[in-house]
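Novice: Model the full structure from these sequences, guided by the hints.
Following numbering that gives the first Met the number 0, the numbering of the sequence shown begins with 0 at its first residue and continues without gaps.
Hint data in this document are derived by calculation from the structure and do not stem from the laboratory.
Capping the alpha-carbon separation at 20 Å, the derived lysine to aspartate or glutamate pairs in EDC-like fashion look like this:
no., residue 1, residue 2
1, Lys326, Asp154
2, Lys259, Asp275
3, Lys224, Asp171
4, Lys287, Asp89
5, Lys155, Glu144
6, Lys326, Glu148
7, Lys318, Glu124
8, Lys287, Asp117
9, Lys259, Asp272
10, Lys377, Asp322
11, Lys340, Asp358
12, Lys326, Asp262
13, Lys227, Asp154
14, Lys287, Glu196
15, Lys318, Asp267
16, Lys80, Asp407
17, Lys259, Glu148
Quick list of simulated restraints, FRET-style, between CB atoms:
no., residue 1, residue 2, range
18, Gly191, Ser276, 34 to 40 Å
19, Pro274, Ser328, 30 to 36 Å
20, Pro186, Pro162, 20 to 26 Å
This one's a predicted model, so the numbers in the text were calculated from it and none came from an experiment.
Think of the CB as a built atom: it goes at the ideal place given N, C-alpha and C, for glycine as much as any other residue.
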Amino acid sequence: MANNFLNIEKTTSGRAYFGHFAINEVFNTTTPFFTKFLTLLLFLFISNRLFARHLCCIFFLSTHLSLVSQNAIQLRAEVDKLLRYEAEIDFQKTPGLIIGILDGDSTFILPYGSLYQDTIVPPDEHSVFELGDLTQVFTSACLLELAVEGHIYFDKSINYYLPEALQNNTADEITLLNLLTHTAGLPRLPSGIGIHESADGQLFADYPLPYLAGFFKKFDFNLVKKGKYSYAPLGFALLDLLFYQNDSGRKKLAEYIDAKLYDLFGMDESYFDQPDSLRSPPVPGYNKAGLPTAPMRFASFRHALGLKSTMHDVLQFLKANLDNQSKLSELQRPLFPTHRKGTWSALGWHVLRHRKRPDIITHTGTTPGHRAAIAFVKETRTGVAILSNSPYGLNGLEFEILRMLNNDWKRKAP
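Specialist: Written out as structure tokens, the structure reads:
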């Protein structure tokens with residue numbers, strides 16, 4: 000206990016009292032009445048100030064929570080309208096989806112529908128979805144870290160990273176930058192890949208890296224136009240081939256990216272291969288016929304199409320991308336025009352440019368049973384992520400939500 004009457008201790012109720020020793024000293028029988036009176040006034044003054052301060056804090060906190068709750072209710076109502084009337088999402092085709100929204104420092108997670116066709120189980124922030132092509136933006140972020148650490152160079156030929164036996168003598172002018180921006184002139188997928196499709200429809204499960212190496216070795220880059228955009232997940236698949244060799248002390252790409260997703264973004268619920276005992280399997284996906292699909296398996300193309308993740312982890316990544324001080328800004332610069340007016344390719348991302356609104360940075364992904372999308376406006380610190388258990392399109396829902404968050408593009412940067 001305090002041994003000086005000016006020391007105050009707080010009770011569990013938040014009120015204050017003087018130490019017993021000090022009170023007894025002041026109010027013993029020999030203390031003059033005037034001293035007792037002043038001490039009592041001082042106690043009441045301090046006690047009331049503390050009580051008022053606690054009362055103000057409680058009022059502020061309850062008001063803040065009330066405003067947050069009110070904002071969440073209003074936001075849900077607005078998103079409901081966009082989902083129904085603008086995007087026209089059909090829950091007969093898409094059983095369930097989850098929407099994550101970042102607005103400044105506020106985070107909102109809105110689940111819709113069900114993870115299962117026959118049982119109502121809404122998705123939550125820890126439900127695991129397949130990201131498909133959206134994997135590429137996570138891979139690019141980890142490669143950027145490798146570049147910052149001085150282990151790789153975006154402007155070097157891809158042959159630089161290959162042993163001589165795997166090099167392609169027509170690829171000397173093809174760089175890592177070309178692979179990451181879809182400007183290497185590659186097709187979407189290797190020719191003949193369908194021959195290796197497994198009995199359960201898995202396109203990549205029986206197409207290992209040696210097959211990919213054989214395709215790369217024979218591909219004639221002289222017959223294609225370098226620097227012209229042509230969307231090709233194959234470019235990201237080749238990354239596994241480039242960094243598969245463990246010479247020069249480099250880790251294999253798979254080992255490095257698995258570690259960096261956690262180290263850089265805290266994405267401890269995400270993985271490329273089968274989940275370990277600490278991670279959940281993907282939620283059931285449903286194809287366009289409404290039939291359940293098996294989780295995708297990969298012998299190659301992991302870092303082009305293979306990431307599984309949750310809304311919790313995706314929002315961690317999105318928050319990092321909205322940070323103006325983050326090195327991830329290097330990935331978001333528009334570099335090459337695409338065939339679509341106003342759309343540019345960046346390092347992993349695509350950038351939508353329009354003179355009447357700020358840039359939108361975006362990417363989507365699809366697997367036989369899932370769909371995913373991210374879109375954000377860095378200037379206003381607003382972002383949207385959507386994960387669903389169907390390959391059907393989201394009909395631009397992510398952009399409609401962004402437009403609403405940005406007041407029909409009238410919102411100014413903070």
